[in-house]
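Model the full assembly from the supplied sequences, consistent with the hints where possible.
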Amino acid sequence: MKSIAELAERVRLTDRVQTHPMGSRFLEGSPEAWDFSALPTVLIAYPADQVVTVSTHLSLDEIQSELNRTGQWIPFVPGVATGLPDHASLRGFLDTRLPHPAVGTFGSWRDWVLGATVVLASGEVVKSGCRAVKSVAGFDLHKLVLGARGKLGIITEVHLRTWPLASRVEGESRTAPHGLWVAQCPFSRVDAWREALGDRCLEHDALSGQFWGTGEVPAGADWVWHEGQPLPEDRWTRRALELFDPTGKLN
Amino acid sequence: MADPALVVWMGQTEGVSSLAADLARILGENAVLHEDAALRAYDCDAYTVDRSKPQAVVLPSSTEEVAKIVRYCVGAGVPYTVRGAGTGLSGGALAALGGVTLSTKRLNKILSVDPENRRLTAEAGVANKRISDVVRPYGLHFAPDPSSQTVSTLGGNIAENSGGPHTLKMGVTVQHIHALKMVTVDGEIEEFALRGDGLDFLGVIVGSEGTMGVVTEATVRLTPSPKHVITALASFANVRDATESVAAIIASGTLPAALEMMDKGVLGALKAAFGLEYHPAAAALLLVECDGDDAQAVEAEMQAVRQAFGRHAALEVQIAEDDAARAKLWVARKKGVGAMGRLAPSIVTHDGVIPRSELPEMLEFIYAEASAAGLGVANLFHAGDGNLHPCFYFDDRDPGQVERVIETGERIMRRCLELGGSVTGEHGIGVEKIDLMSEMFSPADLAVQGLVKSIFNPGDLCNPCKVLPNQKSCAEHRKRWRGVAW
Ligand SMILES: Cc1cc2nc3c(=O)[nH]c(=O)nc-3n(C[C@H](O)[C@H](O)[C@H](O)COP(=O)(O)OP(=O)(O)OC[C@H]3O[C@@H](n4cnc5c(N)ncnc54)[C@H](O)[C@@H]3O)c2cc1C
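Residue numbers (the numbering used here), protein chains in the order written: chain A, 1 to 251; chain B, 1001 to 1486.
Treat the hints with caution; some may be incorrect.
Stated by the list, open to error - Simulated pairs of lysine-lysine, DSS-like, Cα-Cα distance not exceeding 30 Å:
#1 A/K2 <-> A/K249
#2 B/K1334 <-> A/K127
#3 B/K1271 <-> B/K1334
#4 A/K127 <-> B/K1472
#5 A/K249 <-> A/K127
#6 B/K1271 <-> B/K1227
No wet-lab data here; the hints were simulated from the structure.
Next comes the structure, spelled out in structure tokens:
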């Protein structure tokens, strides 16, 4: 695949699309995953606007080092929390809406993605949002596809907010243990959670109340995200999947 | 008696009184308005160009009552539109096809305050500012601060994903909603919460302009109020110095809490309306606020801001470190809109966004367009996020001027798009900007937005004719809304 148009045409003609980001344990790896490495690469940094427009098949590593040259970074702080190898594609991070431990300071993907280009199951290529940091025009497909495990469409390009390098927080990328979960704990329970988890607490962001741990999740979480877990099966998720991918071809 | 042509749903003319009677049977007489004078008060929001009366207004007092009304409307095939305070600026609360306007006026209870978890749950009709007032004793506030905050409602803020001067650093409404309760288009009561493990439905519902259901309650995230705040008001001899200062501040990596600009048009209006005087040579003012818990960090940020001012030839910089002095510096920003309203028989405020580094060029474009059209323009806007609000003043009795205002506005919106921006940063599409949607998005982009909408609203009764162009029965009825005012 040498162009987005070619990718789109292949999606249109096929009845099975596998787009797992390489190396990810969060989405069960698949040897049949499509290879996007020959797609043309877009990486335009707008440091004066603190925005970057970038192809999602690039790895977060590559994107960060290019951005660093313009004095910018994406404030995704690696840690035990990530679990995705740094050389995984940006799309892997977006498809999982992967949490990170500096969310309380910088926000996360839903705050950073300003717009997206998406290849739909029909083979159509659509855009949502724009490159400005604020817009309320239309319904936000670029929010809906985040965390959708690639099941609503293939995100090929995004406009992302960036931050000045001066704000960079160093994180240490560690291999995540199996059975890793991330959970949102209401502030009032943080102490109880700390106690209950002991050294099963691998990471904790005091500003947001998010915890990374293994084993049993203490009671009272707002939400829990387990490694490798499929999308929830509520009524709205089912409807979204039916509408966007009626034949179930995506992932 | 209402104009029979107004009764567009079901094609029946005797429906008006029977509709009101049905609604009264469900919620009681005192929850239904149907006299012509009352309906006229609900025929538009703060965007007064387009007007369309509902056949009845209902005032439910609970989520269950909202659900009853929605179920009735669905059963009878009656369109319905939710309305908060009616301060919307794009016609979102207009009853485009008539039917029922569902007012959230009586959904006005604060249900719980949980300072420890920094959350508050309130009904949708609660005014934005009331939330911050209630939690102030705990050192907390609700961050979205639209200028309309004393009246605009939580439900309206959610529907429009509203912003304000302090959303530059804190983010707009969507960043501050923890969960919401919504009556869906089939009359069910559903809850949606922020979650890390599934699809971000909350992120899609916030900003959907009342087209996906009726929000009846929301749990908001409260923000600790910063311990240290420094405010600066700088004046500049020309606009370019001010806009370049903005670009320099952003490029330096400083993210102020607020970064607002006012130009000569605003200063003239402030003087004429309230006798307020600023630096005699000032062509533009910048209001910058830096805040945080670490005094030194706040100080350092303000230092970076002042350096940018210095490099761009600021005439004068006033600094405020306490609330009384701060309130004085904010006067120009807060009174600016009201002052402009007194300048001319009519004003129209546009809302567009550009990548913020384009501000210097964009403002010059706006002035050139205004002068070519022979129109007065004033700019008071959220400079830090590139969200423009050019405000044209004109005489609406002169059709030529009206036409020029519309055309100039459209050219400005197109320029925003050419620069990679958006046709709206906070006022929404509503009915006002529906034609511009096809300029910002391709037919395929719009079709997929239709899919996003249809997850929650596959029908055409819940707030019809808003946001997406080419909806059923809307084109023919649009002629009726237009031209009533102008
Ligand atoms: C003087 C003035 C200053 C303003 N300043 C700002 C500003 O700084 N920033 C900004 O972003 N906006 C601003 N606005 C615009 C407006 O105040 C906001 O859009 C506000 O959020 C609208 O709230 P409302 O309660 O008046 O909603 P309404 O005007 O009543 O409704 C707006 C939209 O929300 C929908 N809606 C209302 N309640 C609900 C609900 N419960 N569930 C689902 N949908 C609902 C309606 O259907 C409609 O589409 C300003 C307006 C004025 C007149």
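Outcome of the hint check:
About 21 Å separates the Cα atoms of A/K2 and A/K249, which keeps this hinted pair within 30 Å; it holds. At roughly 37 Å between alpha-carbon atoms, B/K1334 and A/K127 are farther apart than 30 Å, so this suggested pair is violated. Between B/K1271 and B/K1334 the CA atoms are separated by roughly 14 Å; this keeps the pair inside 30 Å, and the hint holds. For a cut-off of 30 Å, the pair hint linking A/K127 to B/K1472 stands: about 24 Å separates their Cα positions.
Taking the CA atoms of A/K249 and A/K127, the gap is near 21 Å; set against the 30 Å cutoff, the hint holds. The suggested pairing of B/K1271 with B/K1227 is violated, with an alpha-carbon distance near 34 Å, which exceeds 30 Å.
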